[in-house]
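A.B. asks: Line by line, the protein sequences are chains A and B.
Residues 1 to 168 (the UniProt record's numbering) make up the first sequence, in order.
Residues 1 to 168 (the UniProt record's numbering) make up the second sequence, in order.
For the record, the hints were derived by calculation from the structure and aren't laboratory data.
Please note: incorrect hints may appear among the correct ones.
As the list claims (entries may be wrong) - Label-pair distances were calculated between CB atoms; the ranges are:
id : chain 1 : residue 1 : chain 2 : residue 2 : range
1  : A       : E14       : B       : P77       : 15 to 21 Å
2  : B       : T93       : A       : A60       : 24 to 30 Å
3  : B       : A138      : A       : N56       : 43 to 49 Å
4  : A       : R98       : B       : G13       : 27 to 33 Å
5  : B       : E14       : A       : P111      : 21 to 27 Å
6  : B       : S71       : A       : R115      : 20 to 26 Å
7  : A       : N149      : B       : H110      : 22 to 28 Å
8  : B       : E142      : A       : L55       : 38 to 44 Å
9  : B       : Q86       : A       : R17       : 36 to 42 Å
10 : A       : N149      : B       : G166      : 20 to 26 Å
11 : B       : S71       : A       : G166      : 36 to 42 Å
12 : A       : R17       : B       : N143      : 18 to 24 Å
13 : A       : V20       : B       : K21       : 21 to 27 Å
What the hints assert, rightly or not - Okay, the calculated bits of chain A under chain B, using three or more residues with CB under 8 Å as the criterion:
id : region
14 : 28 to 38
15 : 131 to 145
What the hints assert, rightly or not - Covered stretches of chain B, going by a simulated chain A footprint (3 or more residues, C-beta under 8 Å):
id : region
16 : 37 to 44
17 : 110 to 123
18 : 131 to 145
Keep in mind it's a predicted model, so treat the numbers as computed, not measured.
Backbone N, C-alpha and C define an ideal beta-carbon position, used for all residues, glycine too.
2 protein chains.
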Amino acid sequence: MTIGKMLDTDPIGEAHRLWVKHGWTDAADGMAAVTSLVRAQQILMQRIDVVLRPLNLTFARYEILMLLGFSRNGALPMTRMGSLLQVHPTSVTSAVDRLEAQGFVARLPHPTDRRAVLASITEPGRSQSATATIALNAQVFENLGITDNQVDQLRGVLRSLRANAGDF
Amino acid sequence: MTIGKMLDTDPIGEAHRLWVKHGWTDAADGMAAVTSLVRAQQILMQRIDVVLRPLNLTFARYEILMLLGFSRNGALPMTRMGSLLQVHPTSVTSAVDRLEAQGFVARLPHPTDRRAVLASITEPGRSQSATATIALNAQVFENLGITDNQVDQLRGVLRSLRANAGDF
DNA sequence: CTCAGATACTAGGGCGTGCAAGCAGGTGAG
DNA sequence: CTCACCTGCTTGCACGCCCTAGTATCTGAG
Chain A
1 MTIGKMLDTD PIGEAHRLWV KHGWTDAADG MAAVTSLVRA QQILMQRIDV VLRPLNLTFA
61 RYEILMLLGF SRNGALPMTR MGSLLQVHPT SVTSAVDRLE AQGFVARLPH PTDRRAVLAS
121 ITEPGRSQSA TATIALNAQV FENLGITDNQ VDQLRGVLRS LRANAGDF
Chain B
1 MTIGKMLDTD PIGEAHRLWV KHGWTDAADG MAAVTSLVRA QQILMQRIDV VLRPLNLTFA
61 RYEILMLLGF SRNGALPMTR MGSLLQVHPT SVTSAVDRLE AQGFVARLPH PTDRRAVLAS
121 ITEPGRSQSA TATIALNAQV FENLGITDNQ VDQLRGVLRS LRANAGDF
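Using the sequences and the accompanying hints, generate a full structural model.
C.D. replies: And the structure:
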């Protein structure tokens with residue numbers, strides 16, 4: 001970080017000041033919180049992508065591999081994955097398309113419901129996700145750039161937010 | 001929220017438990033924090049999109065309109081917007097393409113640098129962003145679904161995270 | 001003054017997300 | 001048993017993000 005950058009004011013603080021100045025005082029804190037959240041998510045996602053890119057994975061595909069790896073038979077119906085990961089069915093389809101092309105996942109017919117498709121993790125998929133987990137733990141999750149106390153605060157607040165949004 | 005949903009366990013809590021169970025204890029809290037952040041961002045962005053969709057805006061395009069509206073002459077070079085909003089130059093190009101097609105922004109030549117392009121907000125752009133701000137303040141920012149105290153905690157923690165990432 | 005290197009923007013493509021529509025397959029009221 | 005109605009999945013489209021070139025244009029060392 002340069003001295004110039006250190007002296008720069010926080011853009012989100014600037015926005016907050018403008019909100020108050022325009023009389024939107026009741027909304028200013030919430031606006032700043034949302035904007036911070038969006039920006040923080042970008043920062044962390046970039047760090048994650050840097051770690052996963054050499055492994056030819058994205059966070060979305062990594063999450064699918066971990067979910068399958070943790071499941072009893074290493075296989076789950078597409079719909080079930082979508083609801084567990086809270087993503088749209090079409091996102092599951094496209095992610096599984098790519099994972100299948102990479103050989104990390106295979107599509108299997110559902111034993112009893114011919115509409116359904118099971119995504120099943122392969123051996124290479126297990127191996128790749130294990131490698132990715134080790135790298136993510138060491139390079140991202142073990143040090144987010146905030147104190148342990150702040151990590152706890154963050155988890156607590158976001159848990160409330162998710163709960164109040166009906167997320168679980 | 002249904003009773004069934006209320007009794008459901010938090011998927012992120014489940015993931016945290018699995019991380020500890022596999023011996024990745026040092027990374028478990030960070031993993032849970034990051035996953036929570038990603039999910040919270042999705043929830044809030046969905047709420048924002050619902051408000052902005054009837055106005056034919058997205059959050060990215062709304063941010064550009066507000067930035068231009070707040071600037072001295074209602075116009076800024078593309079690069080300047082990219083650095084202020086922390087987005088890639090190509091994202092600015094495509095967002096301005098759409099705003100221009102909608103008539104909310106006009107491209108003007110830079111007075112002294114013929115390489116540069118100024119994006120300039122139009123009257124319809126000002127009007128639309130004002131409408132959007134009123135709606136977002138009332139329907140999202142004034143009530144995020146957490147307490148004022150939690151909003152403050154969130155802002156504080158994320159400000160540290162951004163600062164330590166060299167964001168400002 | 002010249003020209004190599006920096007800078008501003010755009011084009012094209014990969015990937016993720018969501019909506020709308022369509023198709024095959026299950027299901028229950030009658 | 002039949003038929004209208006769900007469900008599970010896929011496809012096509014729009015949009016956002018980023019990356020990698022590529023084209024203009026500017027700038028400064030010599």
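A.B. asks: Quick check on a hinted range of 20 to 26 Å for B:S71 and A:R115, using CB atoms only.
C.D. replies: 54 Å, violated
A.B. asks: Are there three or more residues in the region 131 to 145 of chain A whose C-beta lies within less than 8 Å of some C-beta in chain B?
C.D. replies: holds (count 10)
A.B. asks: Regarding B:T93 and A:A60, is the given constraint of 24 to 30 Å on their beta-carbon distance met?
C.D. replies: 25 Å, holds
A.B. asks: For the region 131 to 145 of chain B, do three or more residues have a beta carbon lying closer than 8 Å to a beta carbon of chain A?
C.D. replies: Answer holds; 10 residues pass the 8 Å Cβ test.
A.B. asks: I want to verify a distance hint. Is the separation of the beta carbons of A:E14 and B:P77 within 15 to 21 Å?
C.D. replies: For A:E14 and B:P77 the Cβ distance comes to about 18 Å; the hint holds.
A.B. asks: Regarding A:R98 and B:G13, is the given constraint of 27 to 33 Å on their beta-carbon distance met?
C.D. replies: Holds: the Cβ-Cβ distance is about 29 Å, inside 27 to 33 Å.
A.B. asks: Please check whether A:R17 and B:N143 have a Cβ separation lying inside 18 to 24 Å.
C.D. replies: 22 Å, holds
A.B. asks: B:A138 and A:N56, beta-carbon distance inside 43 to 49 Å?
C.D. replies: 44 Å, holds
A.B. asks: Just to make sure I understand the rule, a stretch counts as covered if three or more of its residues have a C-beta closer than 8 Å to a C-beta of the chain. Does the region 28 to 38 of chain A meet that for chain B?
C.D. replies: holds (count 10)
A.B. asks: Is it true that the C-beta distance of A:N149 to B:H110 lies inside 22 to 28 Å, as the hint says?
C.D. replies: This hint is violated: roughly 48 Å between Cβ atoms.
A.B. asks: Taking the beta carbons of B:E14 and A:P111, is their distance inside 21 to 27 Å?
C.D. replies: Roughly 25 Å apart at Cβ, these two residues keep to the hinted range, so it holds.
A.B. asks: Using the Cβ atoms, figure out if B:Q86 sits within 36 to 42 Å of A:R17.
C.D. replies: For A:R17 against B:Q86, whose Cβ atoms are near 18 Å apart, the range 36 to 42 Å is violated.
Checked against the numbered hints given earlier, this structure breaks hints 6, 7, 9, 13 and 17; the rest are met.
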